[in-house]
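K.L.:
Listed below are the residues making up each chain.
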Amino acid sequence: MAKIKCALIGSGNIGTDLIYKIQRSELLEPVWMVGIDPESEGLKRAAAMGLKTTHLGVDGLLPHVLEDEIQIAFDATSAYVHAENSRKLNELGVLMIDLTPAAIGPLCVPPVNLKEHAERAEKNVNMISCAGQATIPIVNAVSQIQPVEYAEIIASLSSKSVGPGTRANLDEFTYTTSNAIEKVGGAKKGKALCIINPAEPPMIMRNTIYCLTADKPNEAAITESVLKMIKEVQKYVPGYRLVNGPVFDEVPQGHRVAVYMEVAGLGDYLPTYAGNLDIMTAAGTRTAEMFAEKMLAGEYNLKAMEA
Amino acid sequence: MAKRLKGRNIILHDMCLRDGMHAKREQISVEEMVRVAKGLDDAGIPYLQCTHGAGLGGNSLQHGFALASNEEYISAVADAVKNARVSVLLLPGLGTMNELRSAYREGARSVHVATHCTEADTSPQHIACARELGMDTTGFLMMAHLNDAKGLVKQARLMESYGAQTVYVTDSAGFMLPEDVTERIEALRDALDPKTEIGFHGHHNMGMGIANSIAAVEAGASRIDASVAGMGAGAGNTPLEVFVAVVERMGANTGTDLFKLMDLAEDVVTPLMEKPVRIDRDSLTLGYAGVYSTFLLHAKRAAERFGVPARDVLVELGRKKMIGGQEDMIIDTAMTMAKERGLLKESAL
Numbered sequence: 001m002a003k004i005k006c007a008l009i010g011s012g013n014i015g016t017d018l019i020y021k022i023q024r025s026e027l028l029e030p031v032w033m034v035g036i037d038p039e040s041e042g043l044k045r046a047a048a049m050g051l052k053t054t055h056l057g058v059d060g061l062l063p064h065v066l067e068d069e070i071q072i073a074f075d076a077t078s079a080y081v082h083a084e085n086s087r088k089l090n091e092l093g094v095l096m097i098d099l100t101p102a103a104i105g106p107l108c109v110p111p112v113n114l115k116e117h118a119e120r121a122e123k124n125v126n127m128i129s130c131a132g133q134a135t136i137p138i139v140n141a142v143s144q145i146q147p148v149e150y151a152e153i154i155a156s157l158s159s160k161s162v163g164p165g166t167r168a169n170l171d172e173f174t175y176t177t178s179n180a181i182e183k184v185g186g187a188k189k190g191k192a193l194c195i196i197n198p199a200e201p202p203m204i205m206r207n208t209i210y211c212l213t214a215d216k217p218n219e220a221a222i223t224e225s226v227l228k229m230i231k232e233v234q235k236y237v238p239g240y241r242l243v244n245g246p247v248f249d250e251v252p253q254g255h256r257v258a259v260y261m262e263v264a265g266l267g268d269y270l271p272t273y274a275g276n277l278d279i280m281t282a283a284g285t286r287t288a289e290m291f292a293e294k295m296l297a298g299e300y301n302l303k304a305m306e307a
Numbered sequence: 001m002a003k004r005l006k007g008r009n010i011i012l013h014d015m016c017l018r019d020g021m022h023a024k025r026e027q028i029s030v031e032e033m034v035r036v037a038k039g040l041d042d043a044g045i046p047y048l049q050c051t052h053g054a055g056l057g058g059n060s061l062q063h064g065f066a067l068a069s070n071e072e073y074i075s076a077v078a079d080a081v082k083n084a085r086v087s088v089l090l091l092p093g094l095g096t097m098n099e100l101r102s103a104y105r106e107g108a109r110s111v112h113v114a115t116h117c118t119e120a121d122t123s124p125q126h127i128a129c130a131r132e133l134g135m136d137t138t139g140f141l142m143m144a145h146l147n148d149a150k151g152l153v154k155q156a157r158l159m160e161s162y163g164a165q166t167v168y169v170t171d172s173a174g175f176m177l178p179e180d181v182t183e184r185i186e187a188l189r190d191a192l193d194p195k196t197e198i199g200f201h202g203h204h205n206m207g208m209g210i211a212n213s214i215a216a217v218e219a220g221a222s223r224i225d226a227s228v229a230g231m232g233a234g235a236g237n238t239p240l241e242v243f244v245a246v247v248e249r250m251g252a253n254t255g256t257d258l259f260k261l262m263d264l265a266e267d268v269v270t271p272l273m274e275k276p277v278r279i280d281r282d283s284l285t286l287g288y289a290g291v292y293s294t295f296l297l298h299a300k301r302a303a304e305r306f307g308v309p310a311r312d313v314l315v316e317l318g319r320k321k322m323i324g325g326q327e328d329m330i331i332d333t334a335m336t337m338a339k340e341r342g343l344l345k346e347s348a349l
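So the protein lines, in turn, are chains S and F. Numbered per the numbering used here, the first sequence spans residues 1 to 307. Numbered per the numbering used here, the second sequence spans residues 1 to 349.
Bear in mind the hints are in silico, worked out from the structure with no lab data behind them. There's no promise every hint is true.
Stated by the list, open to error - Derived lysine-lysine pairs resembling DSSO-like cross-links, with alpha carbons at most 27 angstroms apart:
hint	chain 1	residue 1	chain 2	residue 2
1	S	K160	F	K150
2	S	K231	F	K345
3	F	K345	F	K300
4	S	K5	S	K235
5	S	K231	S	K188
6	S	K115	S	K189
7	S	K183	S	K235
8	S	K160	F	K154
9	S	K115	S	K88
10	S	K294	S	K123
11	F	K38	F	K275
12	F	K320	S	K160
13	F	K38	S	K231
14	F	K321	F	K150
15	S	K183	S	K3
16	F	K345	S	K216
17	S	K235	S	K115
18	S	K294	S	K216
19	F	K300	F	K321
20	S	K115	S	K231
21	F	K321	S	K160
22	S	K228	F	K345
23	S	K160	S	K44
24	S	K228	S	K188
25	F	K6	F	K195
26	F	K339	S	K228
27	S	K52	S	K294
Said to hold, decoys possible - Examples of chain F residues lying across from chain S (beta carbon under 8 angstroms, computed):
hint	residue
28	S60
29	L61
30	Q62
31	S69
32	L94
33	M97
34	H116
35	T122
36	F306
37	K321
38	Q326
39	D328
40	M329
Just so it is clear, the structure is predicted and the values come from calculations on it, not from any experiment. Backbone N, C-alpha and C fix where the C-beta goes; we use that ideal spot for every residue, glycine too.
Model the full structure from these sequences, guided by the hints.
P.N.:
The structure is reproduced here in C-alpha cells:
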C-alpha cells in the first residue's frame, strides 16, 4: 500500500522517537530528518535507520520536498523557529504537525478533536505539550458530563526525558498547556504545573488532573466517562494507565474530582519511563495518519485549497 | 570558631511571610502580613520575602489557595516598609515571567529563582527576566543534600551564567549537617566569581538551622535566610532572632536590632501560629529521611484520611525520591499504600 512521505524536523528526543513511531505506521513513511548539528545523536541514528539527513536546518530540506514527495512534516524544534519552518513548508504544500509550544495552528488532542481538524483539512495542527496530551483527555471526559469551572494538572517528568529545548523555555510549555486545558479540555479556567524529577532510576511519567465541577459531581457518570476516555488514549499509547481515582472531594474551592495517571512509553528511543515522549510522538503520529488517510483518498490537497 | 565570624557582615533575608505561609496553610491575612513586615522593617531586616508559600503562581489546588493574591500581599507590604526590600519566590514550572513582572509592578525588588538542585537549566529565562527588571536576583538550589559539592558547583555556575548575582544552597529537607554545608559552600565559594554572593537557606528539622547557617557563613556565605520565630515549613526555618543573638556574640554584624526581633517573634509572629512550629516525630522524620519540608502537613492530612501513618507515607516519599512540587504524589502514595494494606478498595480499573 502507498504511504505518505514524511520529514522530521529537529533531531532531539522527540524527533528521534518519531522515527520509530512513523516507521511502524501503515500509512506513513519517514524519509527526511532535519537537524542543525552534524554530530547530533538523532541525525546519526536517523541515517543509520535509512533516512536522508541534513544538518542545514529546514533550508537543507526545502530543495528536496517536491522531488521526494514530502507531504507531511513534523516540527520538533522550538516555538521560536516553528512559524518560519511552517510557512516555508506550507508554501510547498506540506502539512505541518507542530510538536513545539508555538501553537500557531489549532490545538489537537486526538481522542477529543482530531476528527474535526482532519475534516477541516487544516494545514498546521499543534500537539500542545506532553503534559497536555496526557491530561486534557481526562479534563474533557469530565467536562463532557458537566461544566468544569477550573482544571489544574500536574505533570511529573523524569529529568532524563526532558531535553534542552523544553528546559530553556518552560514558560511557553506552561502557557500553551494552560490555554489548551481551556480550549480543548473545556474547563473555564486552566492551570498547568510541571515538575522535573532527577531520581535514579528515572521515575515513570506521572500526571494528576484536578477538576472543579460547577455543580455536585455525578460520580458514576464521570467515572464511566474517564474510563472510556482512557481506553481511547490506550489505542495509541498502551501504557496510559489509571493509578488512583477518580476521587471526589469537597474542598474549600468547591467540588473536586482528582485523577492520578501514569504513562509508560514503548521504550523506542528512550526507556519506558519516558511516557511523556511517547504520548507526544504517538499523538503526533496518530494525527498525521488521520490526515494521511484523507491524502491517500485524494480528499486533502493543500496547494489546491490555497489556489 | 568565634574568631572566624568576627567582623563579618551577614545579610539577613526573612522567610516568615513566605515559608511561614506553609505553616499557616497559606492563611495569613494581608493585615497580618503588613504588621509583621513593619516589625521586620523597624528591626532593620534588609530583605523580607512575601508570597504564597510556593511562590508566584502558587495559588492552586496542588499548593492551596492563600487568603489574598500574591499581588495584593506584595503591594500592601511594599507600601508598608521603609527600608526593607520585598522579595518573592519563583519556581519555574509553577511561576512564570508574567507573574514576575506583575510582582515587580507591585513593588517586589528581589527574587529567589528556585530549581531542584540538579535542574538549574530550567531557570535561564526567569533569571534573565529578573535581571532585566533590575531585581536583586538569586538562584536557589533546592534539596541541596541530593547533589554533591561538585554537582552543585556545576549547577551554581549555570545560574551564575544566566545572570544570578547570588546562589543559594537550600536545605529544603533540613537534612544537612554542618559538615555537609561547609563542604558545599566552600566548593561554591572557590568556583564562582568573587562578586557572586553565596547564601544558605536552612530548615530546623534536625535542630541544625543555626549551626548550619554559621557553618555557611564561615565557609564564605554572606546571605542567610531565616524566619522570625522560626515560622516556616516542617520544623520551621532557622529561627532568625536566635541566629542574630548567636552571631552577635560571635562578633558578626547583621545591622538588625535583636531586642526588637525578639519582641516581634514573641508578641506578633508566635500568636499567628495555629500550632507550635517545632520538631515533632513527623518533622524530625522529614529531616532524617531527607523529605521536602512542605510535605509535612499534606502527609498528615493524607494519613488521617486513608489510615496510613504520616511517618510511613513520608518515608515512602523519601524512598521514591519525590521532590518539591510533587505534593499530588502524597495523596497518591497514601492511597496506593492503603490499598496494599487492605484499607482501601482497588480503583475501578
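K.L.:
Just pull the numbers of the violated hints for me, sorted ascending.
P.N.:
Failing hints, ascending: 13, 15, 18, 31, 36.
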